[in-house]
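The chain contents come next:
2 protein chains.
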Amino acid sequence: MPKVGMQPLRRKALIDATILAIGERGSLDVTMSEIAGRAGVSSALAHHYFGAKDDLLEATMRYLLTELNADARLALRAAQTPLQRVSAVVAVNFSEKQFRSETIAAWLAFYVEAQKSQALRRLLRVYARRLHSNLMSGLAPLLPPAQAERAAETIAALIDGLYIRRALRDGLPDAATAVALVEAYLANLPLGTKGRA
Amino acid sequence: MPKVGMQPLRRKALIDATILAIGERGSLDVTMSEIAGRAGVSSALAHHYFGAKDDLLEATMRYLLTELNADARLALRAAQTPLQRVSAVVAVNFSEKQFRSETIAAWLAFYVEAQKSQALRRLLRVYARRLHSNLMSGLAPLLPPAQAERAAETIAALIDGLYIRRALRDGLPDAATAVALVEAYLANLPLGTKGRA
DNA sequence: GTTTTTGTTGATTGATCAGTCAATAAAAAA
DNA sequence: TTTTTTATTGACTGATCAATCAACAAAAAC
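If you're matching them up, the sequences are chains A and B in order. Each residue of the first sequence is one higher than the one before, starting from 1 at the first, in this note's numbering. Each residue of the second sequence is one higher than the one before, starting from 1 at the first, in this note's numbering.
Hints listed in this document are in silico derivations from the structure and should not be mistaken for laboratory results. Check the hints yourself; a few may be wrong.
Unchecked claim - Below, a list of computed lysine to any residue pairs in the SDA-like style, where the Cα atoms sit at most 25 Å apart:
id	chain 1	residue 1	chain 2	residue 2
1	A	Lys-116	B	Ala-72
2	B	Lys-116	B	Glu-102
3	B	Lys-194	B	Leu-76
4	A	Lys-97	A	Gln-80
5	B	Lys-97	B	Thr-177
6	B	Lys-116	A	Val-126
7	B	Lys-116	A	Gln-147
8	B	Lys-12	B	Ser-87
9	B	Lys-12	B	Thr-31
10	A	Lys-116	B	Arg-100
11	A	Lys-194	B	Glu-183
12	B	Lys-116	A	Glu-34
13	B	Lys-53	B	His-132
14	B	Lys-12	B	Leu-123
15	A	Lys-116	B	Leu-76
16	B	Lys-116	B	Ala-52
17	B	Lys-53	B	Arg-165
18	B	Lys-116	A	Thr-103
19	A	Lys-12	A	Thr-31
20	A	Lys-97	A	Lys-194
21	A	Lys-53	A	Leu-172
22	B	Lys-116	A	Met-32
23	A	Lys-116	B	Gln-98
24	B	Lys-194	B	Arg-77
25	B	Lys-116	A	Lys-194
26	B	Lys-116	A	Leu-186
27	B	Lys-116	A	Gln-80
28	B	Lys-97	B	Leu-76
29	B	Lys-194	A	Leu-186
30	A	Lys-53	B	Glu-34
31	A	Lys-116	B	Ser-101
What the hints assert, rightly or not - Now the in silico label distances, taken between C-beta atoms and shown as ranges:
id	chain 1	residue 1	chain 2	residue 2	range
32	A	Asp-55	B	Lys-116	18 to 26 Å
33	B	Thr-31	A	Val-126	27 to 35 Å
34	A	Glu-102	B	Glu-149	37 to 45 Å
35	A	Pro-141	B	Lys-97	39 to 47 Å
36	B	Lys-97	A	Ala-78	41 to 49 Å
Claimed, not checked - Listing some non-contacts, in silico: residues in chain A with all C-beta distances to chain B over 12 Å:
id	residue
37	Gln-7
38	Arg-11
39	Ser-43
40	Asp-160
Note that the structure is predicted; figures quoted are calculated from it, not measured. Virtual Cβ for every residue (Gly too), placed ideally from N, Cα, C.
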């Protein structure tokens with residue numbers, strides 16, 4: 001069976017399997033055997049390609065982050081106004097692709113693990129910084145600095161909170177509701193007061 | 001050493017130790033031995049008083065929930081106006097006692113575990129419902145039903161989100177900042193429009 | 001003063017898993 | 001064709017831990 005050039009395929013399959021497994025179990029307490037089994041290979045092979053379990057988990061998280069970032073870049077490119085930039089960032093976080101229960105469960109599990117793992121904590125910090133700067137790119141032109149800062153923090157917290165809530169009760173709130181909540185928050189902000197405050 | 005009437009003391013000590021241990025590890029991957037050790041007893045005794053590990057974890061979570069609820073009741077009793085009720089609920093969630101890193105880490109860990117455990121999920125649902133109804137008791141007199149509903153959801157999500165963010169980077173945002181964020185959200189709501197919308 | 005109840009532990013068991021390794025086999029390079 | 005590289009696994013090891021249990025001790029009940 002062994003053909004050459006399997007490495008990238010196997011790695012991808014293992015990462016996908018990891019997300020799936022974590023999503024179903026709802027935690028990082030997934031065995032290498034289960035992940036490997038899902039990917040159709042032996043656990044030894046998973047170790048062969050990733051080394052330790054932690055490395056596989058880190059690679060998985062890095063993958064999620066990369067995907068999210070790619071989506072965000074795309075969405076931001078299409079935005080024409082500052083407000084549209086903010087909406088775009090929000091929309092991406094609740095898009096079909098990102099707001100799926102497996103993905104969310106994985107995020108949540110990684111958040112928890114980050115309290116233990118230096119490496120994961122670093123990755124999450126990168127994510128947090130990117131989210132913040134993406135939000136600020138839309139908010140800064142619309143609000144005085146301090147208020148823009150606060151709005152960015154609020155939206156970020158709102159996103160995290162809605163993710164958690166979604167992870168818990170299965171399916172609620174759905175993506176549309178989540179977006180509506182954040183948009184309602186935006187609608188109440190005193191936008192366009194940058195100079196005046 | 002064995003005196004009589006140890007049961008309640010041991011149980012309390014074990015629950016405290018559990019919170020401490022989870023808070024430090026940042027996850028529920030804490031051994032019975034470590035918990036027991038912290039409480040100054042053997043792991044066998046922990047099993048003696050709580051049965052399985054899951055039971056101890058459940059009892060711990062129930063304890064956190066009870067404490068939070070007691071605090072909320074007290075705070076609500078002091079509130080005079082609807083808006084004060086909302087602020088009181090928010091304040092309790094970010095109070096010195098609740099917004100401590102161990103407590104928060106424990107909450108977060110329980111959130112994750114709830115995806116696996118039926119029992120924990122049930123407990124969290126109780127918490128969610130109580131929070132919601134507490135918030136609504138203040139919001140309902142101030143906003144049209146749909147908007148009050150949405151505001152309650154938003155505040156609840158904000159609280160969860162701020163908890164998560166606090167758990168991750170150690171200490172940020174602090175309690176005062178967290179409260180300020182939520183209060184700023186409240187300040188922008190079109191309160192007092194109950195009849196008009 | 002014997003018996004029962006309550007408190008407590010050390011030692012042990014059994015299961016689970018991450019990680020290793022030697023062995024196998026196909027493909028590619030020599 | 002031989003050798004090396006890449007892909008792959010089954011079997012094993014070692015560590016960790018939840019859970020059990022027999023045994024001991026102090027207090028309370030009898």
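Structure-based check of each hint:
A distance of roughly 31 Å separates the Cα atoms of Lys-116/A and Ala-72/B; the hinted pair therefore is violated under the 25 Å criterion. Simply put, Lys-116/B and Glu-102/B have alpha-carbon atoms about 22 Å apart, close enough for the 25 Å limit, and the pair holds. Restraint check for Lys-194/B and Leu-76/B: the C-alpha separation of about 22 Å stays at or below 25 Å, so the hint holds. A threshold of 25 Å between alpha carbons decides the hint, and for Lys-97/A with Gln-80/A the separation of about 23 Å falls inside it, so the pair holds.
For the given pair, Lys-97/B sits about 16 Å from Thr-177/B by alpha-carbon distance, which is consistent with the 25 Å threshold. Distance restraint check for Lys-116/B and Val-126/A: the Cα-Cα separation of roughly 29 Å exceeds the 25 Å cut-off, and the hinted pair is therefore not satisfied. Under the criterion of a C-alpha separation no larger than 25 Å, the hint pairing Lys-116/B with Gln-147/A is inconsistent with the structure, at around 40 Å. For the given pair, Lys-12/B sits about 31 Å from Ser-87/B by alpha-carbon distance, which is inconsistent with the 25 Å threshold.
Taking the CA atoms of Lys-12/B and Thr-31/B, the gap is near 18 Å; set against the 25 Å cutoff, the hint holds. Proximity of Lys-116/A to Arg-100/B is assessed by CA-CA distance (about 17 Å); at most 25 Å being required, the pair is judged to hold. With a C-alpha separation of about 21 Å, the suggested pairing of Lys-194/A with Glu-183/B holds against the 25 Å cut-off. At most 25 Å may separate the alpha-carbon atoms for a hinted pair to count; Lys-116/B and Glu-34/A meet this at roughly 16 Å.
Restraint check: the Cα-Cα separation between Lys-53/B and His-132/B comes to about 30 Å, which exceeds 25 Å; the hinted pair is violated. Pair hint Lys-12/B plus Leu-123/B holds up; C-alpha atoms about 19 Å apart against a cutoff of 25 Å. This hinted pair does not check out: Lys-116/A and Leu-76/B have alpha carbons roughly 36 Å apart, beyond 25 Å. The suggested pairing of Lys-116/B with Ala-52/B holds, with an alpha-carbon distance near 16 Å, which does not exceed 25 Å.
The hinted pair formed by Lys-53/B and Arg-165/B fails the criterion: a straight-line CA distance of about 28 Å is larger than 25 Å. This hinted pair checks out: Lys-116/B and Thr-103/A have alpha carbons roughly 16 Å apart, not beyond 25 Å. The hinted pair formed by Lys-12/A and Thr-31/A meets the criterion: a straight-line CA distance of about 18 Å does not exceed 25 Å. For the given pair, Lys-97/A sits about 34 Å from Lys-194/A by alpha-carbon distance, which is inconsistent with the 25 Å threshold.
A hinted pair counts as satisfied when its Cα atoms are at most 25 Å apart, and Lys-53/A with Leu-172/A does not qualify at roughly 32 Å. Taking the CA atoms of Lys-116/B and Met-32/A, the gap is near 18 Å; set against the 25 Å cutoff, the hint holds. Simply put, Lys-116/A and Gln-98/B have alpha-carbon atoms about 21 Å apart, close enough for the 25 Å limit, and the pair holds. As the CA atoms of Lys-194/B and Arg-77/B are separated by approximately 23 Å, the hinted pair is consistent with the 25 Å bound.
Of the supplied pair hints, the one linking Lys-116/B and Lys-194/A is violated, its CA atoms being roughly 47 Å apart against a limit of 25 Å. Among the hinted pairs, Lys-116/B with Leu-186/A is inconsistent with the structure: their alpha-carbon atoms are about 35 Å apart, more than 25 Å. Using a Cα cut-off of 25 Å, the hinted pair Lys-116/B and Gln-80/A is violated, with the two alpha carbons roughly 43 Å apart. Of the pairs offered as hints, the one joining Lys-97/B and Leu-76/B holds, with about 16 Å between alpha carbons and a cut-off of 25 Å not exceeded.
Under the criterion of a C-alpha separation no larger than 25 Å, the hint pairing Lys-194/B with Leu-186/A is consistent with the structure, at around 20 Å. For the suggested pair Lys-53/A and Glu-34/B, the alpha carbons sit about 24 Å apart, so the restraint of at most 25 Å is met. As the CA atoms of Lys-116/A and Ser-101/B are separated by approximately 14 Å, the hinted pair is consistent with the 25 Å bound. At roughly 24 Å, the beta-carbon separation of Asp-55/A and Lys-116/B lies within the given 18 to 26 Å, and the hint holds.
Roughly 32 Å separates the CB atoms of Thr-31/B and Val-126/A, a value that falls within the hinted 27 to 35 Å. Range check, Glu-102/A to Glu-149/B: Cβ separation about 29 Å, and the 37 to 45 Å hint is violated. Distance hint for Pro-141/A and Lys-97/B: a CB-CB separation of about 41 Å, consistent with the stated range 39 to 47 Å. With their beta carbons about 46 Å apart, Lys-97/B and Ala-78/A fall inside the hinted range of 41 to 49 Å.
Every CB of chain B lies more than 12 Å from the CB of Gln-7/A, the least distance being 31 Å, so the non-interface label holds. No beta-carbon of chain B comes within 12 Å of the beta-carbon of Arg-11/A; the shortest separation is about 26 Å. Against the 12 Å criterion, Ser-43/A stays outside the reach of chain B, whose nearest CB is about 20 Å from its own CB. The beta carbon of Asp-160/A sits about 4 Å from the closest Cβ of chain B, which is not more than 12 Å, so the claim that it is off the interface is violated.
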